[in-house]
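Using the sequences and the hints, build the whole thing.
Protein chains: 2
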Amino acid sequence: MKKILTLFGLASLLCSGTLADEGMWTFNGFPSDQVKEKYGFTPDTEWLEHVRLSSVRLAEGCSGSFVSPDGLVMTNHHCAHSCIEQLSTAARDYVAAGFYAKTLVEEVRCPEIEINQLTKITDVTARVAAVTKGLKEKEYNDALKAEMSKLEKECAEGTEIRCDVVSLYHGGKYDLYRYKRFQDVRLVFAPEFAIAFFGGDPDNFMFPRYDLDLAFLRVYENDQPVRLKHYFKWSGEGAKNGDLVFVSGHPGGSSRLLTVAELEFERDFFLVKRQLYQAELRGLLTEFQNRGAEQKRYSNGLLFGIENSLKARRGMHERLLDKRFFAMKVASEKAFRRNINSNPEWRKAYGGAWDAIAGAQGELKKIWAPLTYLENGRGFSSTLFHIARTLVRSAAELPKANEKRLREYADSNLPAVRQNLFSAAPIYDDLEIETLTFSLTKLREELGVDDPRVRKVLGTFSPRELAVSLIKGTKLRNVELRKSLFEGGQAAIEKSDDPMVVLARKIDTDARQIRTRYEDSIESVIKKNNELIARAQFAVYGASIYPDATFTLRLTYGQVKGYKDARSGKEIQPLTRIAGAFERNTGRDPFALPASWIKAKDRLDLNTPMNFCTTNDIIGGNSGSPVINRNAEIVGLVFDGNIESLGGEYGFDPAVNRAVAVHGSAIEEALRKIYHAERLVTELKPR
Amino acid sequence: MKKILTLFGLASLLCSGTLADEGMWTFNGFPSDQVKEKYGFTPDTEWLEHVRLSSVRLAEGCSGSFVSPDGLVMTNHHCAHSCIEQLSTAARDYVAAGFYAKTLVEEVRCPEIEINQLTKITDVTARVAAVTKGLKEKEYNDALKAEMSKLEKECAEGTEIRCDVVSLYHGGKYDLYRYKRFQDVRLVFAPEFAIAFFGGDPDNFMFPRYDLDLAFLRVYENDQPVRLKHYFKWSGEGAKNGDLVFVSGHPGGSSRLLTVAELEFERDFFLVKRQLYQAELRGLLTEFQNRGAEQKRYSNGLLFGIENSLKARRGMHERLLDKRFFAMKVASEKAFRRNINSNPEWRKAYGGAWDAIAGAQGELKKIWAPLTYLENGRGFSSTLFHIARTLVRSAAELPKANEKRLREYADSNLPAVRQNLFSAAPIYDDLEIETLTFSLTKLREELGVDDPRVRKVLGTFSPRELAVSLIKGTKLRNVELRKSLFEGGQAAIEKSDDPMVVLARKIDTDARQIRTRYEDSIESVIKKNNELIARAQFAVYGASIYPDATFTLRLTYGQVKGYKDARSGKEIQPLTRIAGAFERNTGRDPFALPASWIKAKDRLDLNTPMNFCTTNDIIGGNSGSPVINRNAEIVGLVFDGNIESLGGEYGFDPAVNRAVAVHGSAIEEALRKIYHAERLVTELKPR
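These protein sequence lines map, in sequence, to chains B and H. Okay, so the first sequence: first residue is 93 according to the numbering used here, each after it adds one. Okay, so the second sequence: first residue is 93 according to the numbering used here, each after it adds one.
Mixed in with the good hints, there may be bad ones.
A pair holds if it fits inside one copy or across any two, identical chains being indistinguishable in the list.
Stated by the list, open to error - BS3-like mimics (lysine-lysine), calculated; alpha carbons at most 25 Å apart, straight line:
#, residue 1, residue 2
1, K365, K403
2, K662, K458
3, K457, K415
4, K662, K548
5, K656, K457
6, K457, K548
7, K777, K693
8, K662, K457
9, K245, K272
10, K457, K421
11, K457, K365
12, K458, K656
13, K426, K332
14, K415, K426
15, K365, K415
16, K564, K388
17, K321, K212
18, K457, K403
19, K332, K693
Hints in this document: simulated from the structure, not taken from any laboratory. Given the structure is predicted, the values throughout are model-derived calculations rather than measurements.
This is the structure we're talking about:
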């Protein structure tokens, strides 16, 4: 293990004398022996299968768990925020007031939530290798994508079975993940935003913490709650200091295996650009909220997302700017390359990969602006533009053979395309104008006033003028119109004079051109050479390493444990109490407890644990993951990592990296005594 | 010269075969021989004195020139923007409509502009050295500041003579600069903002360019225009491609002599923090402008300042992120240190300076947030707070002996303190609330919710709540109240219950504490060791190097010359024509030519040169500098540098670094045919 820790972690095995609780392990590669060695408990196959089938993914980027035989799903409030916002109106604001369906019939369908349950994992590395073997970069990449689409199509069934080929170790291994897909997902319960996100942005990624970042959803089939065999039971006790705990969830992505050249690109280019964009947008939205209560209500989720991401990127950037950390990465790559080069066969097979990737990073910088702004949509931040582009591209892509399409239009992905395209979620003109104006302004700024593509988009218009005319002029708010354009295919699209469709059409060739250049001469180089590096790693380190996160199901182990705060030098206790929330209450947003809490104070056991932190290795995407004990019972609900965990993107620091969770007892206490949600409590803890 | 170029510049003498036009030279250290060698013209003592006395400084951060015997001053519109805005009202918007005083009596006094004319330079290095010799860091710094205040007081006379001790080469040399100070400065002419800043932020720092970034002011004494012996005459011809030109102005600051540790601090910490702050504020103000036409009018100058600074910082940051450039800096420092260490005497005297400075940078990081937010005022962005703090500190400082005061309250600086404190410039409540809310939010973010100083400031208030109560509650809008508090001294301040005074009082001890820590254990270390490095440089390179910019008068030489654009590979011609402005006109802000131009189009000679670029080595602060020919006649007006010049902060690149100026002929053409400013034309070009 020593080699692995040198490569990925910050702590040395020799120093601490114990293994770090590091690693986001796949379910078919979980190191049960390591857990046994450290904690005396061996998760067996049956245990792993039960946990896997009880865990779920929210397809837009979160985790969750089944917590009853009737399809009840527990996740975070911030994972269900967009649904709660979409179901709200000015007169009936569920974000502010919370939501509780006292009866089954009161549960309301979320327009855009899809839930996936991982039912099977199949190794398809050999099949992928068979079609890509010996191919040059572009051909390699084309063949790879085609085979992935093919495999996914073979595996999928109707809209109910979703299949994704997952590239692990950046191409070292390919697994086919088969999911049960649920698109009828209904809102059951959400507390008030004020307690779900108590402390707001100032306390985000901080610990100690006092949040009830909780929501319950339910999956339906044929208008009935789904009956489940596998789900997590509720623990009677909750988590205590020192307890062994597991987190089963979907970490979105990590960058621990990146090369130094890739890390430099992130540190010196990408993260800087990204943060500056988000900081400006944050300022814009903050002031937009002053336009009125309504604007504040419906821009809240967006602003939260921006602030959350900005703070996360800040933490990541700081880790890369840490000279000591970066020097370690450089030294470790150097040692690894020396190792590879010392063996003539390895040298020949893998030796050139790092320089090839470094070269691709240089090329990426050159086309980053048009790629990001034209193709990846940052220049057109508007739901209505997104709809227009999906219509334009669907018309062009769907007539093609499945393997020839842009990946996001492959058959296996069409249910998601349809769900978003035909969503009845409300769209707010002034917010659309605001974000579109901003993004058009940045498009002009990043590509330059005189770029022909910018001139094509703007003409003589100012960004605001254009945004206003597009948003006011388009009819795509009408879901029936979207359906008819979608069904009408290429002919309907070509005939449309809807201004947003016209814009999406007008810029499509340029956007595709830059994407092709990226895929053929950059992505392909990175992928092919990353596969080589992965194979080199297997050659040197064997299969004992875990892959970077890929928004697929992973299992981590760890324990409830405090840490020493680096700045203050203080020892941070791992559990907070409900009393602490009342102490922190100032009555002013974001430190204002909701009225329901103030009213219930006397009834509450203030000594109930509220939040806690654990050594589990998690990252963004893990939000909503269950924290379970060795009996696979729920003891908590992950909703955050501490500020030190943000650098975990690049390397895990066992001394201070902590997952942050809502304590099971707080959930129970709140449901019972504040929200009087007896129906839910009974479902979670049947007598 | 080879050594110098290796140390400071980017080009090698050996490569180009000619000297680069690099260097922001002092008037008492100007390399006339170099100019002769390259251009065959020797500026002599008389020429230099005439140019020096014809150049002026706008004390808040710009340059300008005397252009008539009657005190007429030419500068940039953006240097006079704040005055033009302050003199405007909703009904009479001089920023939008422009301003022209047809007669002398119509000239209007600017509330806050101070103009300085450099009349004498005296070397005081020996006097400073005598009091600081052998002292340790804190004592060194205290003695240095006391001696500077003393020297300045001895030299100054009333409010009319201003004296500043200038630290050159980061402490290698001290000169006493004696200025004639003018505080009665009146607005004479300004064109419309739309042409002064044609192309707006997108074209800012770009070339080719089409701006008339021009304003005329006039200095008065005893209510009469000042009569001058020295001023620049107007050239009959203007500048042509290849012409030798000089720029005499006040570059604000540069960082070419910084150590690698200091540059790393800038690259990895300071510039990141600064840009993120400004980007967010930019977004906020952009949306604030949507509140209405009035808000747009009075937040325009502020937004311009933020965008301008942000773009400049972006360019600076990119230069430091350029791996090749940074490696050159590292190598050059390494070679220099090796050189120093090879001589035992030098080693003993100077060898430890670099590590000491690096240590101080580490300490600075630790206290950067409270220093910046509490002491440097970033946590309290409000004119009214600034007034309150000035009152609180004046009361505490003025009773002390001159040498014991905070430097900005020394006698020599009091006229500037008074001018700002008693300014009748309008203050807008909603903009004050906006910026104060933002800065209080960032204060909380950077220091942390639980920092006792943050708790002291906010109490249980939210940032917005506190900002509203302060701005609505304070009476400091009333200039008479400010005067009475200022005259009333400590007793009046202690008795005041004005909420802004109360806040300034409440936080003053904490702010001073962090400043003291900075001055005593960081600034002092940096200053003392920078002096050592400067001496080491003199030892190795002699006196042939120029000092970093210090917002004092400098002279640069160069020529009208195009360059090759690195991105597009295109050759950029050095002169643009008035016709180009019409071609670029879209009719939409910021590419909308004003009505006066459209109307005058037929009368204009469209072939008239509009803007031009030169190889002169300039930087922020040089805005408003005259471009003169060898006869010391005006041929242009510096208003910008190209995007490549932004990296000039850290090193001059002769291939692409360009100053950007309004052409003299465009000024004449516009004054005559668009603005019909006959009085001005006659004054500039008497028959």
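Now the hints, each set against the structure:
no.: 1; hint: K365 <-> K403; in the structure: both (14 Å within a copy, 13 Å between copies)
no.: 2; hint: K662 <-> K458; in the structure: between (46 Å within a copy, 17 Å between copies)
no.: 3; hint: K457 <-> K415; in the structure: both (23 Å within a copy, 14 Å between copies)
no.: 4; hint: K662 <-> K548; in the structure: between (57 Å within a copy, 22 Å between copies)
no.: 5; hint: K656 <-> K457; in the structure: between (39 Å within a copy, 21 Å between copies)
no.: 6; hint: K457 <-> K548; in the structure: within (23 Å within a copy, 46 Å between copies)
no.: 7; hint: K777 <-> K693; in the structure: within (24 Å within a copy, 82 Å between copies)
no.: 8; hint: K662 <-> K457; in the structure: between (42 Å within a copy, 20 Å between copies)
no.: 9; hint: K245 <-> K272; in the structure: within (14 Å within a copy, 82 Å between copies)
no.: 10; hint: K457 <-> K421; in the structure: both (22 Å within a copy, 23 Å between copies)
no.: 11; hint: K457 <-> K365; in the structure: both (11 Å within a copy, 23 Å between copies)
no.: 12; hint: K458 <-> K656; in the structure: between (43 Å within a copy, 18 Å between copies)
no.: 13; hint: K426 <-> K332; in the structure: neither (43 Å within a copy, 55 Å between copies)
no.: 14; hint: K415 <-> K426; in the structure: both (16 Å within a copy, 19 Å between copies)
no.: 15; hint: K365 <-> K415; in the structure: both (21 Å within a copy, 17 Å between copies)
no.: 16; hint: K564 <-> K388; in the structure: both (21 Å within a copy, 23 Å between copies)
no.: 17; hint: K321 <-> K212; in the structure: within (16 Å within a copy, 91 Å between copies)
no.: 18; hint: K457 <-> K403; in the structure: both (24 Å within a copy, 19 Å between copies)
no.: 19; hint: K332 <-> K693; in the structure: within (24 Å within a copy, 80 Å between copies)
Of the numbered hints given earlier, the model fails hint 13 alone.
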